[in-house]
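A.B. asks: Listed below are the residues making up each chain.
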Amino acid sequence: MELIRIKGVDKQYNNGVTAIYDLNLKVKKGDFIFVIGASGSGKSTLIKLLYREEKPTKGQIIVGGIDVAKLKNNKVYKLRRKLGIVFQDFKLLPKLNVFENVAFALEMYGNPMSEVRNKTLKALELVGLKNKAKQYPDKLSGGEQQRVAIARAIVNGPKLLLCDEPTGNLDPDTSYEILKVLEVINNLGTTVIMATHDREMVNKFKKRVIVLDNGKLVKDYEKGSYVDAEDV
Amino acid sequence: MLKMFRIIGRNIRDAFRSIFRNFSLSVASISCITITLIVVALALILSSNFDNFTKLMKEDFTIVVFLDNKIDQVGIEQVEMEIEKLENLDSYEFESKEKIAASLMQTSDIFKNIMKDWESTNNPLQDTFLVKVNEVEKIKTTANEIKNIEGVSVVKYGEGIVEKLLAVFNNVEKALVIIVIALTFVTAFLITNTIKLTIFSRKKEIEIMRLVGASNINIELPFVIEGLFLGILGALIPVIMVIYGYANIYINFDGQLFSPFVQLVHPEPFIYFISLGLCGIGIIVGMMGSLIAVRKYLKI
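Chains as they are written, first to last, in the working numbering: chain A, 20 to 251; chain B, 284 to 583.
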C-alpha cells in the first residue's frame, strides 16, 4: 500500500533559491526512511512539503490520500491530524507538564477525558516516560524531552511520523535510544521518515536511505543495501 | 454536540489556566483595560451629567405672555384657545393679575401698602400665560406666533441669552460625544495592542497548536475566551469605582454640584447602565483584541 506519492515536485522559495528539483518518490505504508544529504540539500524542505508547511512550486504530493499541494491554508489541520512531527528543538510548551504537553493535541480535538488520559499514558509508556508525567520540560534531559515530543507526535495514532533531525541536539547514546523508540513505533505500523545528518545512526539501523544533493534525489537505497557514509 | 461542549468546557478551563500561567502578561492586559475603562467611565459620567444639566435647563425655559391690561374674560379664553393650538406647546399656566398682585404683596410691605386697594379695574398689572415648549430650539418661532395672537401685548422669553446658551450647550455636547467616541477607539487600540504584545510571546504555543493539527477555530477559541475573561477582570475595578464612587459623590454633594442649578444624575439606575457599558466595552474589546492578535499568527 502506498502512503506517499511525490511526482515531479519543484520547490523554489520566494528568494529564488530552488530547494527541491524534480523530485519523484513513492513511500509504502510501514516504511522507515532516512533522508540524508549535506546542509542545504533540501532535507528539511522535503519534510516541510510533506506536512504542508511549504507548498510545492510545481508537481503533486499525495499523503494518505490528501492532495497536499491543493490543500487550503485553513484545511491544513486535516493533514496534520493524520501525521506526527518531531523536530530537532523538541518544540514543547514550557508551561505545561509532560502529560499536558502530550495530551495537548488530543484535548483540542474534543476527545472525552478518559480517552485522553488512556491514550496519553499509553504514548508515554511507549517512550518510557510514564513515571515523569508530572514533570515540566525544563527538568528533563534532552533525550527525555525528545521522547516527550515523540509521544505527542504519536498519541493520536498517526499513519506517518515525520522527523526533522530529531537527534541533532543529542549525544550518540541518547540518539541511539531515540532511534530505538522510533523503530518500535515503526514496528507498530507507523511509517517513519527521518531527515538526519547522523551517519552513525544511518549505518547502525539498516533502513531505506534516500540521498539528496542540491535539491535532487541522487540515490535511493533499498532497505539494508546502504553500507557506508560516503554519500553523506 | 457533546464533543462541542467538551471543547468549549476545556477552553474555559484552559483560559483560566493560561491567565494564571502567563500571570505577568495577564496583569499587563488587565491593568491596561482597567485604566482605559476608568477614563472612559469618567468621560461617560461627565457627559451624562452635562446632558442632564442641559436637559433640566431647557425644561426651565419659559415664554411669558403678557396680555392687554384691558382684556376681559372672553378675550383671555380666546388667547388660551390660540395657545392650545400651538404646535410646539408642552404646557402652560395662567396667572391672573390678581394672583400676581397677591404674591407680590406677600414679598414685601411696600408692595402690600401700594397694592391693597387695587381692584380688577384699576390693577395696572397684566394677566399672563407661562408657556413651556417642547423644542427649545424653536422657542423664537413659537414666541413670534404668540405675539401675533390678538389680546397679547408683550412676549418675553429671555431673548439673546437663550440663543447663546443653546449654542454653548450644543457645542459642548458635540465635543463630549466626540471625546467619548475617540476615547472608546483609543481604548480599543490600546487594549488590542497590549494583547497583541502578550500573544506575541505565545507565538510558539500557536505554532505548536498548528503543528499538532489544530484548526484555526481550535486556536482562536481559547484566546478569544481568555480575552473575554481579561475584559471582565479589567472592568471589575472601574465598575466598583463607578457604583460606590458615584453613589458616594451623589450623597456627599446632596445630589447637586455647588448650587441647585446643577443637579447630578440620580445614581440609580444610572450607575448600572454605566457599569454594563463598561463590562460590554471590556468584553468586546478583550475578545476582538485577542482575535485580531491571534489571527496575525494564523495562516487563514
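I should point out that these hints are in silico values taken from the structure, not numbers from a laboratory. Be aware that a few hints might be false.
What the hints assert, rightly or not - Computed list of lysine-lysine pairs in BS3-like fashion (alpha-carbon distance at most 25 Å, straight line):
| hint | chain 1 | residue 1 | chain 2 | residue 2 |
| --- | --- | --- | --- | --- |
| 1 | A | 89 | A | 114 |
| 2 | A | 77 | B | 286 |
| 3 | B | 395 | A | 94 |
| 4 | A | 110 | B | 479 |
| 5 | A | 101 | A | 141 |
| 6 | A | 238 | A | 47 |
| 7 | B | 579 | A | 94 |
| 8 | A | 77 | A | 114 |
| 9 | A | 74 | B | 286 |
| 10 | A | 223 | A | 101 |
| 11 | A | 94 | A | 178 |
| 12 | A | 114 | B | 486 |
| 13 | A | 114 | A | 158 |
| 14 | A | 45 | A | 94 |
| 15 | B | 579 | A | 67 |
| 16 | A | 151 | A | 199 |
| 17 | B | 582 | A | 74 |
| 18 | A | 114 | B | 382 |
| 19 | B | 486 | A | 141 |
| 20 | A | 101 | B | 286 |
| 21 | A | 110 | B | 380 |
| 22 | B | 439 | A | 158 |
| 23 | A | 91 | B | 579 |
| 24 | A | 110 | A | 47 |
| 25 | B | 582 | A | 67 |
As the list claims (entries may be wrong) - What the simulated footprint calls covered on chain A by chain B, stretch by stretch (three residues with Cβ under 8 Å from a Cβ of chain B suffice, anywhere in the stretch; the number is not a length):
| hint | segment |
| --- | --- |
| 26 | 88-95 |
| 27 | 201-211 |
What the hints assert, rightly or not - Ranges between beta-carbon positions, derived for each pair:
| hint | chain 1 | residue 1 | chain 2 | residue 2 | range |
| --- | --- | --- | --- | --- | --- |
| 28 | A | 132 | B | 538 | 28 to 38 Å |
| 29 | A | 86 | B | 463 | 34 to 44 Å |
| 30 | A | 92 | B | 480 | 19 to 29 Å |
C-beta atoms are modelled at their ideal positions from N, C-alpha and C, and glycine is treated no differently.
A.B. asks: A separate judgement is required for each hint: does it hold in the structure or not?
C.D. replies: A quick look at each hint next to the structure:
For the proposed pair residue 89 (chain A) and residue 114 (chain A), the alpha carbon gap of about 36 Å is over 25 Å, so the pair is violated. Distance restraint check for residue 77 (chain A) and residue 286 (chain B): the Cα-Cα separation of roughly 39 Å exceeds the 25 Å cut-off, and the hinted pair is therefore not satisfied. At roughly 94 Å between alpha-carbon atoms, residue 395 (chain B) and residue 94 (chain A) are farther apart than 25 Å, so this suggested pair is violated. A threshold of 25 Å between alpha carbons decides the hint, and for residue 110 (chain A) with residue 479 (chain B) the separation of about 22 Å falls inside it, so the pair holds.
A C-alpha spacing of about 18 Å is found between residue 101 (chain A) and residue 141 (chain A), which places the hinted pair at or below 25 Å, so the restraint holds. With a CA separation close to 17 Å, the supplied pair residue 238 (chain A) and residue 47 (chain A) stays within the 25 Å bound. Between residue 579 (chain B) and residue 94 (chain A) the CA atoms are separated by roughly 17 Å; this keeps the pair inside 25 Å, and the hint holds. About 40 Å separates the Cα atoms of residue 77 (chain A) and residue 114 (chain A), which puts this hinted pair outside 25 Å; it is violated.
Note on residue 74 (chain A) and residue 286 (chain B): the hinted pairing is violated, with a Cα-Cα distance of about 32 Å set against a maximum of 25 Å. Distance check on the hinted pair: residue 223 (chain A) and residue 101 (chain A) sit about 29 Å apart at the alpha-carbon level, beyond 25 Å; violated. For the suggested pair residue 94 (chain A) and residue 178 (chain A), the alpha carbons sit about 18 Å apart, so the restraint of at most 25 Å is met. Between residue 114 (chain A) and residue 486 (chain B) the CA atoms are separated by roughly 14 Å; this keeps the pair inside 25 Å, and the hint holds.
About 12 Å separates the Cα atoms of residue 114 (chain A) and residue 158 (chain A), which keeps this hinted pair within 25 Å; it holds. Under the criterion of a C-alpha separation no larger than 25 Å, the hint pairing residue 45 (chain A) with residue 94 (chain A) is consistent with the structure, at around 24 Å. Annotation: proposed proximity of residue 579 (chain B) to residue 67 (chain A) holds, straight-line Cα distance about 21 Å (limit 25 Å). At most 25 Å may separate the alpha-carbon atoms for a hinted pair to count; residue 151 (chain A) and residue 199 (chain A) meet this at roughly 19 Å.
Proximity of residue 582 (chain B) to residue 74 (chain A) is assessed by CA-CA distance (about 13 Å); at most 25 Å being required, the pair is judged to hold. A hinted pair counts as satisfied when its Cα atoms are at most 25 Å apart, and residue 114 (chain A) with residue 382 (chain B) does not qualify at roughly 84 Å. This hinted pair does not check out: residue 486 (chain B) and residue 141 (chain A) have alpha carbons roughly 29 Å apart, beyond 25 Å. Under the criterion of a C-alpha separation no larger than 25 Å, the hint pairing residue 101 (chain A) with residue 286 (chain B) is consistent with the structure, at around 19 Å.
As the CA atoms of residue 110 (chain A) and residue 380 (chain B) are separated by approximately 93 Å, the hinted pair breaks the 25 Å bound. Annotation: proposed proximity of residue 439 (chain B) to residue 158 (chain A) is violated, straight-line Cα distance about 87 Å (limit 25 Å). Our distance criterion of 25 Å between C-alpha atoms is met by residue 91 (chain A) and residue 579 (chain B), whose separation comes to about 17 Å. Taking the CA atoms of residue 110 (chain A) and residue 47 (chain A), the gap is near 28 Å; set against the 25 Å cutoff, the hint is violated.
The suggested pairing of residue 582 (chain B) with residue 67 (chain A) holds, with an alpha-carbon distance near 15 Å, which does not exceed 25 Å. Only when three residues or more bring their CB closer than 8 Å to a CB of chain B does the claim for the segment 88-95 of chain A stand; here the count is 3, and the claim holds. Judged by the Cβ-Cβ criterion of 8 Å, the segment 201-211 of chain A is not covered by chain B as claimed, because only 0 of its residues qualify and three are needed. For residue 132 (chain A) and residue 538 (chain B), the Cβ-Cβ distance of about 56 Å falls outside the hinted range of 28 to 38 Å, so the restraint is violated.
Between residue 86 (chain A) and residue 463 (chain B) the beta carbon distance is about 53 Å. The supplied range of 34 to 44 Å is therefore violated. Take residue 92 (chain A) and residue 480 (chain B): their Cβ atoms lie about 25 Å apart, and the range 19 to 29 Å holds.
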